[in-house]
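*Asks:* Protein chains in written order, with the numbering used here: chain A, 1 to 515; chain B, 1001 to 1121.
Worth flagging that the hints you see were computed from the coordinates, not collected in a lab.
Here a beta-carbon is modelled for each residue, glycine too, at the ideal position from N, C-alpha and C.
Be a bit skeptical, because a hint or two may be false.
[Stated by the list, open to error] Partial list, computed: chain B residues near chain A (C-beta under 7 angstroms): (1) 1010; (2) 1013; (3) 1020; (4) 1081; (5) 1103.
[As the list claims (entries may be wrong)] Below, a list of computed lysine-lysine pairs in the DSSO-like style, where the Cα atoms sit at most 27 angstroms apart: (6) A:206 - A:244; (7) B:1003 - B:1116; (8) B:1003 - B:1073; (9) A:244 - A:131; (10) A:292 - B:1116; (11) A:146 - A:244; (12) A:292 - B:1003; (13) B:1040 - A:292; (14) A:244 - A:202; (15) B:1065 - B:1116; (16) B:1073 - B:1040; (17) B:1065 - B:1087; (18) A:380 - A:466; (19) A:314 - B:1018; (20) A:131 - A:146; (21) B:1003 - A:302; (22) A:292 - B:1018; (23) B:1003 - B:1040; (24) A:302 - B:1018; (25) A:118 - A:131; (26) B:1018 - B:1040; (27) A:149 - A:214; (28) B:1087 - B:1018; (29) B:1087 - B:1054; (30) A:155 - A:118; (31) B:1018 - A:300; (32) A:292 - B:1054.
[Unchecked claim] Derived Cβ-Cβ restraints for the label pairs, each shown as a range: (33) B:1111 - A:355: 24 to 30 angstroms; (34) B:1042 - A:314: 40 to 46 angstroms; (35) A:258 - B:1120: 53 to 59 angstroms; (36) B:1111 - A:404: 39 to 45 angstroms; (37) A:99 - B:1066: 58 to 64 angstroms; (38) A:365 - B:1111: 38 to 44 angstroms; (39) A:309 - B:1093: 40 to 46 angstroms; (40) B:1042 - A:253: 52 to 58 angstroms.
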Amino acid sequence: MLYLRKRKIALKKGMKLISLFFLSIAILQLKNIVFTFLPVKPSLQFASDVGLIIIVCIIAYKPLDHFLNFVFREFIFKEKVGFQSILINSIEDLNASLDLREFSNLLVNTFYDLFNVKHVAFLVKDEGLRKFVPRSLVGFNLNDSKKIKIDTNSKLVEELENSRFPILRDNTLKSMNWPEASQLNSDFELLRAQLIIPILDKGELKAFISVSSKPSHTPFFHNELRLFNDFAMKLNTSLQNAIKYEHIRSQYEELKEFQSHIMHSNKFSAMEQLATGIAHEIHNPLTIISGKAQMLLLNKGKNFLTQKSEEDLKGIVEQTTRAADITRKLLLFSRTSPEHEEQIPFETIIDDTFELISYQTSLEKINIQKEIDSDLPKFKGHLDEFREVFLNLILNAVQSVEQEGEITVILKHDAAEGILEIRVEDTGCGIEDQVISNVFDAFYTTKHNSLGLGLFVVQRIIQRNKGGISIESDPSRGTCVSIRLPMMIEVENEMVQDEADSRNDLESVVLDQGK
Amino acid sequence: MVKLLVVDDEEEICDFLKCFFEEREFSVDTACSGFDALEKIAQVQPDVCLLDIKMPGIDGLQVLKEIKDKYPKVKVIMVTAIETTEKIEEAVRMGADNYITKPLSLEYLENDVRQKLASIA
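For reference, chain A alone in the conformation it holds in the complex (with noise of 0.2 angstroms):
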């Protein structure tokens, strides 16, 4: 429907140019006239001439333009741009907009347009509210288009469901005793309408359109009412498919947001649950294991140890501290972060895995060490996310090593690409050929004891954060896993700009034309 608004605007400024047309032609001619009869000395001709102009474009100007505005628009505007073609032509539009919104302000803005009326509504039935609420509206400020609800037992729907046609202020309140009129009149005003036009489904009011009176003041006839029945009939299979995609698509969105709060809440708060369920019945037994062994320590003298009981005893207080500490690390690993995302502290959490997995490597004689690039950009994410690739990736490394070799854990930042790379590097046992294209799959394992979820799961964070994750690997030489991962923080910000800018546009369509 822009275009008709774009012609409009367009024919305004042609008007302007015409009319200043007009104008100059008309002091050539008069400067002409007013010349013969008034002799002006030459040195006085341009002053003259100035003045003139400044005169006649201050008198004719307005005239003028209001006079070409009222042909072009009541004559040849008319003529070539009829109602009924537009309306027909909207249909179209109408009918190809499956999204509610765009819907409403179409036809809104159609109406609003065709007839140069002051207010609009397009108001449809909220099954659950009982009520009709209105989708868009033209004309009304803020304050008014909140209050604008009507029953679904009100008396305007009641007359618009019994009539089934459109009908009009005047002629509706004529043809009624005075209370009846009188509640019914309150929803006319309030919808500051003249006319409605009901859009009906078997019956059943739907949806409406109420239409301020035009600007002339001249009453709707009876066959534009015809005109517009037939339109609201061509319409309601298009508006019912918009408010079932609108219906469809909030069920969609409620169910996307439900899934993944149970996938957060599942995954990580049962692990949580465990973690800390499991330090607390670890550490009680081991804090009197080791406040026992302790006891016995200081009382050395009491007790007569030997040496070797001494030294057996304090092997009881380390190891009880060492225990600790690996249920200290898993609750740190397995606690629930928070839901929105953060800046990753990519170094910090490679240095916790070592840490994690240290004990492992000093045993098996694993090197293991980290690159990282000095200019690291600032990442976005999920901070669990990121811990489970890095503890998935470097576990993998040590299983894959198995005793005495090295892994190494590399991050650089492409500055070029825009792409900050991942690579978890080892030199132990690698894949053979015939299985690497299947370790990205869910329960695809070749150890005993796994699951076969880990690079899955990596996989799956890797991608949902834009990224692309493969693997090489040389049976002689071991293997390497890269990572992606994209910069994209201001192209997001960008994005959400725009929403909020054509959020704001819509509004302003509201505001604007309610002054």
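Starting from the known structure of chain A, fit chain B onto it as the hints suggest.
*Replies:* Frame of chain A, contents of chain B only:
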């Protein structure tokens, strides 16, 4: 004699701490639940209280609140199996004088208790 109250739902922990501190000339009472602890505090009015956080029924934080409300002079050292930051922050905010985590280093614990006693005197 310095009065100490040990509160822990694990009886064995209470027992060896009682033993340990009695050897060091403390008068030690024990309580195995939050409810028990509140009764003992009213009875003995200890100088220092070693308080476990996670206990069935009334937990350590509730006991701490009660102690700080009614007997502000009692020094309270929280003894926790796990140090979730929120719990510790909450305890400190409620007036806990220190916290230590299990498994305990008895030497460290003794030092800490003596420090708290010195601060009273």
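*Asks:* Hints the structure violates: just list their numbers, smallest first.
*Replies:* none
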